[in-house]
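Everything in the sequence shown is counted per my numbering, starting at 1 for the first residue and increasing by one.
It should be emphasised that the hints constitute simulated quantities derived from the structure, not laboratory data.
Careful: at least some of the hints might be erroneous.
EDC-like mimics (lysine to aspartate or glutamate), calculated; alpha carbons at most 16 Å apart, straight line [to be verified]: (1) K410 - D376; (2) K387 - E531; (3) K233 - E321; (4) K349 - E307; (5) K482 - E513.
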Amino acid sequence: MPVKPRSSRSKDFDPKRKPRHSAKKTTSTRKDDEGKREKRGFESYSTSKNKNPSAKRSERSAKRSERFASERPARKYGDEKPARKYDSEKPARKYDSEKPARKYDSERPAKRYSTEKPARRYESEKPAKRYESAVPATKRREPDRKLEKFVSEAAQGIQTFQEMDLPERLVMELAKGGIATPFPIQAATIPAALSGRDVLGRGKTGSGKTVAFGVPLITFLARAGNQPRIPNKPRALVLAPTRELAEQIDKALAPIAKSVGFFTTTIYGGVPQSKQERILNRGVDIAIATPGRLEDLMEQGVVDLSEVERVVIDEADHMAELGFIEPVTRILTATGESQKLLFSATLDKQVASLVKKFLTDPFVYEVPGETEQNLDIEHRVLITEPKYRSRVFHRLVQGSGKSIVFVRTKQTAEALAQSLNDAGIPTARLHGDLNQSQRTKNLARFSEGFTRVLIATDVAARGIHVDDVKLVIQVDLPEDYKTYLHRAGRTGRAGRKGIVVSIVPSGKTRKIEGILERSERKAIYSEVVGEDPLLTELAGPIAPPPVLDQLDFGDSRFDGPAKRASKGKPELRGKGRPNKLQGAKDRRFRSR
């Protein structure tokens, strides 16, 4: 059917009529009378608020003008402004005049920048320093040296503890623990501390510092008599940088203090705070604390240090490395005019600031030969190919002596511990992921001889105080020479011999050479393979593992077959069902 034209489809069709929906297609126009704007073919209506935008702009401009308005008339550009008149008779300065050279009272002429400045003359005949001199860079930089040279005082000729006027029961307890003759640092600092002087002791780890500051604290308490303990107010305070070191100090001082009727307690993080609060509430004599947890308890009002009469800061240099200088400063300020005993292996800038601020006329003692190499420690660098590295390491830890293995990460520590345990070498580990209970148990197993190998990260380096460590093995090299010295200090303690072994891949000895040069230690370099006779010379003959049946770790996972058999079958509960927990422990042991 053909389509009809539009005119025939509607009777009312008018060709002149405009379309019902039409819009002007203009680019941009404005209708001021209606306040409308058309753009891109669409019509937009303005609201009553913006009907006259030009008036709004004029109003805003007028307001701005009112803020800067003043009665001062505008300056005429054609007029010349006269010179400003001052109260003084000094005329205005003319810049086109030639100003003469300024006259000084001295005869020194004006400085001329065009002349060459002569070399500065010194009163001494010392020539100017030449940077092309042969002095190596390691000798010129000394960022960690002490600010002031503290002169060490001569020690008195004391040979025994009986000569120090100590309580008889305290001397007997020292002798029972194998401490019959005082070490040099003990013979020097104990009499000075008992006289009431502040003490600054510089000595390496293993030199007897714990007894050096612990005996004076306990002696003062004994001389004061059995005074009633005040809740939450200890009478003596010992600050330690790590939890492990706090435990070691408490282990050494607790029996000595108990022999004369006094008690110690430890305060550190990683354990529930409620137990520490209960002990403090009953009253303690000596508190051994780390700065972090102690400051938290002080802020909560649990600990009050106003009654503290003696304060000990042990290993202050390690405090500075861990960032505890500010908390230690606040804690020492809270103790008031108490006697201070500070012990540190080195005396750098931050430690020297503590000494100057809190120690008054201190008695200074330095262990002879502290700045020199310890002759009891032998330093070895074993250079090996990567394929022999694992065999060299396993052979070193198979000796009969105790070994501490240092690694950089906790993942490496876990992997090495698992590898040695699978090889039949009982190994303990110590790193930051373990809770305090696990770390204490592992350290106790190592110190008591249940395991001969301890794998640790640097976070626990300063907290390990075991006297009979034969080898310190560095699987991962330290970051700086200070860490190297801290690791090396775990052996060669209390007059015993020790060896520090660094395992280095072939062609990568530059780092260990720089560390040894910076620490002023001399080492013997040797190239070894998996079955090298040198390894037997260092570690000794291969020793059999300890018999687990004779040991008691307090955990059935470590029980031998004979010990498990002596315990009988697992306990039956309910309707004859075995103990699931005991069965799980047995399965874990069998899987090992």
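Hints and how they fare:
Restraint check for K410 and D376: the C-alpha separation of about 30 Å exceeds 16 Å, so the hint is violated. Pair hint K387 plus E531 holds up; C-alpha atoms about 13 Å apart against a cutoff of 16 Å. Taking the CA atoms of K233 and E321, the gap is near 29 Å; set against the 16 Å cutoff, the hint is violated. Of the pairs offered as hints, the one joining K349 and E307 is violated, with about 30 Å between alpha carbons and a cut-off of 16 Å exceeded.
A threshold of 16 Å between alpha carbons decides the hint, and for K482 with E513 the separation of about 14 Å falls inside it, so the pair holds.
Of the numbered hints given earlier, the model fails hints 1, 3, 4; all others are met.
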